[in-house]
Amino acid sequence: MKHRELGLTDEQAISMYRYMTLARRTDERTWLLNRAGKIPFVISCQGHEAAQIGAGFALDTEKDWLCPYYRDMGLVMVMGQTAQDYLLSSFAKAEDPNSGGRQMPGHFGDHRYRILTGSSPVTTQMVHATGIAYAGKLDKKDFVVLTTCGEGSANQGDLHEAMNFAGVHKLPVIFMVQNNQYAISVPLEKQVAGGSIAARGAGYGMPGVSVDGNDPLEVYRAVKEAVERGRRGEGPTLVETISYRLVPHSSDDDDRTYRSREEVEEAKKKDSLFQYRQYLLDHGLLTEESDAQIEAEIKKEVDAATDYAEKAAYPDPSETYKYVFAE
Amino acid sequence: MKHRELGLTDEQAISMYRYMTLARRTDERTWLLNRAGKIPFVISCQGHEAAQIGAGFALDTEKDWLCPYYRDMGLVMVMGQTAQDYLLSSFAKAEDPNSGGRQMPGHFGDHRYRILTGSSPVTTQMVHATGIAYAGKLDKKDFVVLTTCGEGSANQGDLHEAMNFAGVHKLPVIFMVQNNQYAISVPLEKQVAGGSIAARGAGYGMPGVSVDGNDPLEVYRAVKEAVERGRRGEGPTLVETISYRLVPHSSDDDDRTYRSREEVEEAKKKDSLFQYRQYLLDHGLLTEESDAQIEAEIKKEVDAATDYAEKAAYPDPSETYKYVFAE
Amino acid sequence: MAIMSYIEAVTLAMREEMQRDSQVFVLGEDVGVRGGVFRATDGLYSEFGEDRVLDTPLTESAIAGVAIGAAAYGKRPIAEMQFADFIMPAINQIISEAAKIRYRSNNKWSCPMVVRAPYGGGIHGALYHSQSVEKIFTGVPGLKIVTPSTPYDVKGLLKSAIRDDDPVLFFEHKRCYRLIKGEVPADDYTIPIGKADVKREGTDVTVITYGMMVHFALQAAEQLEKDGISVHVLDLRTLVPLDKEAVLEAVAKTGKVLVVHEDNLTGGFGGEVSAIIAEEAFFELDAPVRRLAGPDVPAMPYSPTLEKEFILNPDKIAKAIRELAEF
Amino acid sequence: MAIMSYIEAVTLAMREEMQRDSQVFVLGEDVGVRGGVFRATDGLYSEFGEDRVLDTPLTESAIAGVAIGAAAYGKRPIAEMQFADFIMPAINQIISEAAKIRYRSNNKWSCPMVVRAPYGGGIHGALYHSQSVEKIFTGVPGLKIVTPSTPYDVKGLLKSAIRDDDPVLFFEHKRCYRLIKGEVPADDYTIPIGKADVKREGTDVTVITYGMMVHFALQAAEQLEKDGISVHVLDLRTLVPLDKEAVLEAVAKTGKVLVVHEDNLTGGFGGEVSAIIAEEAFFELDAPVRRLAGPDVPAMPYSPTLEKEFILNPDKIAKAIRELAEF
Ligand SMILES: Cc1ncc(C[n+]2csc(CCOP(=O)(O)OP(=O)(O)O)c2C)c(N)n1
Ligand SMILES: Cc1ncc(C[n+]2csc(CCOP(=O)(O)OP(=O)(O)O)c2C)c(N)n1
Ligand SMILES: [Mg+2]
Ligand SMILES: [Mg+2]
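Here the protein sequences line up with chains A, B, C and D, keeping their order.
If you're matching positions, the first sequence starts at 1 in this note's numbering and goes up one per residue.
If you're matching positions, the second sequence starts at 1 in this note's numbering and goes up one per residue.
If you're matching positions, the third sequence starts at 1 in this note's numbering and goes up one per residue.
If you're matching positions, the fourth sequence starts at 1 in this note's numbering and goes up one per residue.
Just chain A, same shape as in the assembly (with noise of 0.2 Å):
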């Protein structure tokens, strides 16, 4: 079984579906509740919990570093976030712990899992990666950098002065870029010369790989590897995962106007979710039993986590004025 092979056990597989399924479900709540006016604006990872999962579980989530952008729902869940802590962001609540709802949901950061804080500006934070292991190399530390971005943004200046500079350094930083065929609009064909992030590796000495991002078990084995690489000093590694987006860019996009609907539904067949549950249940590790009980538990989750965000408090208006500086 491919999960054995590659070191997982059989709980971790089933954990790994879990975890997608979590942010799959968180995600779609959010729609809900942004169709009934409850929250102002969603933006998805519907499309990219298989990368996002099978990174993470890629990491040591005791020490490793992770500079998420903002589809990363999976991520940082895997990290230690909870679904109550992305509806508190959701519904902008003081309580939110990346920013006491001061920034827009999927703007993670969170000290408590090394998650740094993260902006709107596409692709900053693959420097900042860049950084913080340049930090963890003068502090002889083993840990490794885990930062993501989409492939429109992966075209900013930024990303390549930074693997640039992790090159230089060989630092173990794991850059990766998720590849769901569009940037709002615009389609691959017209923002990625070449057609592949991947390839783009090489030029700054480094591997750069392609996987299929619908598949959290070759998600897993080229971050893995890229992980092993980093902490045995070998320097960074681009990993480009190729999935969809399954929805619209966000809650303000109308994704009609420039892809067609047939276009969606045929994403929708290789949908990492339905694939890999069939995965789990064709090798026996779920049952429509235990499916169905995750499920539930999940829903019960999602559910808590909702109420408890609705109801929480908004932050007091005089927190504006605070920190700007030191205190």
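The hints are simulated quantities; they were obtained by calculation from the structure and are not laboratory data.
In this text, all values refer to a predicted model and were calculated from it rather than measured experimentally.
Ideal Cβ placement from N, Cα and C applies to all residues, glycine included.
Accuracy of the hints is not assured; some may be wrong.
[As the list claims (entries may be wrong)] Below 30 Å or equal to it, Euclidean Cα-Cα: the simulated DSSO-like pairs (lysine-lysine) are:
1) Lys190(A) - Lys137(B)
2) Lys322(B) - Lys308(D)
3) Lys137(B) - Lys108(C)
4) Lys268(A) - Lys38(A)
5) Lys159(D) - Lys308(C)
6) Lys322(B) - Lys181(C)
7) Lys190(A) - Lys140(B)
8) Lys322(B) - Lys224(A)
9) Lys190(B) - Lys63(A)
10) Lys244(D) - Lys322(A)
11) Lys38(A) - Lys226(C)
12) Lys308(D) - Lys108(C)
13) Lys316(C) - Lys322(A)
14) Lys38(A) - Lys308(C)
15) Lys38(B) - Lys190(A)
16) Lys38(A) - Lys181(C)
17) Lys137(A) - Lys108(D)
18) Lys140(B) - Lys108(C)
19) Lys108(C) - Lys38(B)
20) Lys322(A) - Lys195(D)
21) Lys244(C) - Lys195(D)
22) Lys322(A) - Lys159(D)
[What the hints assert, rightly or not] Reference excerpt, derived from the structure (chain C facing chain A, CB under 7 Å, subset only):
23) Glu16
24) Val33
25) Ser303
On the provided structure of chain A, position chains B, C and D with the ligands as indicated by the hints.
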């Protein structure tokens, strides 16, 4: 004979040598003038002559465009500028065609020859080249745009954004990186991850070619191919020329603090002027006499240029306030 | 005359200018098929085709730099920054290049481009989709900066910007986009860049402002009219070049001045306006020049409680006017 | 007490802080073996090794971004921008990231970094090696901005900057580097960020300024003393946070204020200072607040005639003071 195989006439082969020599002698003159306290600043093309002249000869100087960098004295001369133009700029005189004495030497720009005005922050011009090429595409013109920078500068995000943009739109841009082993004091291995700029082409779906920057004919070959690709609508090419900066970074630099004299002496043995002269002598295109005559002509030219530039007027102080906007 | 929204006036101005001058083209993220994330380029793609309504890769420095190259060549590009907050990666291109091309080339080159960017808050955009960034550019000679407040002004000023021979930053307040409607003549009128506009005549207190704050100031003026306070509202429309004459005239009208902007107080453009008044209209003043602006915190937070606290509104402005009136 | 130059004080402060705190490290272009192009890091490489005195690739965005990542991790990086003019490619990292990390994370993350940059003209640096860039940052909440004028202030303030828990931009006037010498105590003193300093007591006219202009103002004051005009000179030292109290006190001393900076007039920091005085010290004023600054042209040109015309000097300042005194 190599140059004939490449389609160059004997006259052209000799003309290349003449330009290389003119650039070198003009450059040497500026150092003398600087050491004599007559001009404040020198930035040199020594070690880059073959790359620049080889590339320049591959262009159609009647229609192609150039977005050069500060070392490109050889290139702008092939495009049409003269030793006098260069010296006017070195002396910061009003007649300096690049800037009317407003910019340092090496900040080229000449509307007469389609040499775009340049600045000091490195690599911005690679993006402008892409914009010019896009404009040409809109107008269905068949010119190409050559743009250059150093290997240190090549790591700036701007080059990558430009290569990606040009790659997506298959624009006729030749990105030529003159790798002279150093960016001021920082050597290649601390600067360029993987050690090869050419290797970055593949990441943008374009050819990445590395050539001996001390051989004008090899550079000509590579750039000529790139020009033809561009004119055929097949898109951009990345060309890396490998040579060595034979003098300090600028007149403000002291290169003894970061590289050994032995290393510099070793590099001087591969000086393109010396090698290419030998090639012409070996093939009977040059004799000691004709060479002496070329040198004598050039000396006269550089003397006259120096003389003219030294005597020329500085801009009137009132010029300070002109041309912030169209007048 | 047609009644249309602020954003419709943006689209109309571009459409008319693209019809009028084939050198005009539009480039940016999602401006093509999608018609822009705010729909400012709606319909242009189908009318003018993908070459003149160009979906670029997600690289702001390249968007600006390509526009600069094309403008230097002779085109009239209109570059869209998706949000003003994302102009930051393009600042080197805008400040080091666009602003200085004419000056540094001694008038031999120019850069007739427009950079359009939606700015400002009040739309739950949080820290990175709400910023006012004009102050970063108002001190950069070589750039013109336009900040219209009404559909009428948008059309006339955007046309002037497109026809201007120098780079113009055209900041559109995104909250105005659909909220502010007004009459827009069908004819091809322009409004000169550098001319302020009295949006309301009054005798007690002068408010000098721009963008969305013009509307808040007018609402405040309405409120105060009932209490017998007569408010004069000057809409700067253009920040650079500033219409100093109109400013001094407006000061003389009442002798009491409130300068208002949504941007942070410290370092905002209000300081410049206030300093000019303090220097040149000192003896016209019956009270110290007051500034009312956003607080000195990094940007507008997401949570509704915090956003409300941060942003100005008619009541806050009315309160400040009242204080001045009573001075 | 030792007499040393301004730049020696820069080096000394860094050396002492690096000895004191192993978290401090330096990074930038040519800061290592070469000791910086101005020699500000001279000797640090041999004392602290290449990991703590890091020669980076030629990529300012990565220099800033790596520093940010390392600072968020817990290091205290000092990033050198080779010239302030070349901070532009790093602005997204500085404004969008460094300035907002504490605020956006609700105080959970911080960014204790220093960015050092030599600025200012008068050294034949032309357009791109002479700029004053402080105005781009003075309106960005979350950044502290320090602009010392003497070796004593340099040492005390740079130490404070390195120990500060928030990002500090430390602008060193490059003309001061070797020209300005002064006594610097050997002990480990600091000067608080945010405190201005009266550099000369006087009763007729107050000059408020910073950087190299402090010295020009003092020279002007000397000149004017002979004519019986007594000049009070306040050195702001820190622009943000501004020492408002000291400003208002200095205004009250004489009732006549001249605000001076080398940066362009429009949009420069002088406008902010002047606006504050106009608002808060209106009734102390015996004359309108005057500003004297660089002209509103893009930057200082190269030619000596133009450079001289652009730059302020003691005579120009004396003339303005005299006019105010006679007001
Ligand atoms: C510097 C910058 N420019 C523009 C944006 C607006 N924007 C947000 S997401 C996005 C598309 C990103 O596409 P991609 O990188 O492929 O990631 P995906 O959303 O597809 O996962 C854009 C243009 C931004 N956030 N930052
Ligand atoms: C953005 C920017 N940063 C720094 C500098 C200062 N600088 C000028 S040339 C140079 C080194 C360039 O090295 P390389 O690109 O290899 O070109 P070379 O001079 O070797 O030809 C540096 C750091 C600059 N001009 N622009
Ligand atoms: Mg994408
Ligand atoms: Mg080099």
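Q) What hint numbers does the structure not satisfy? A) Those not satisfied are hints 5, 6, 8, 11, 15, 21 and 23.
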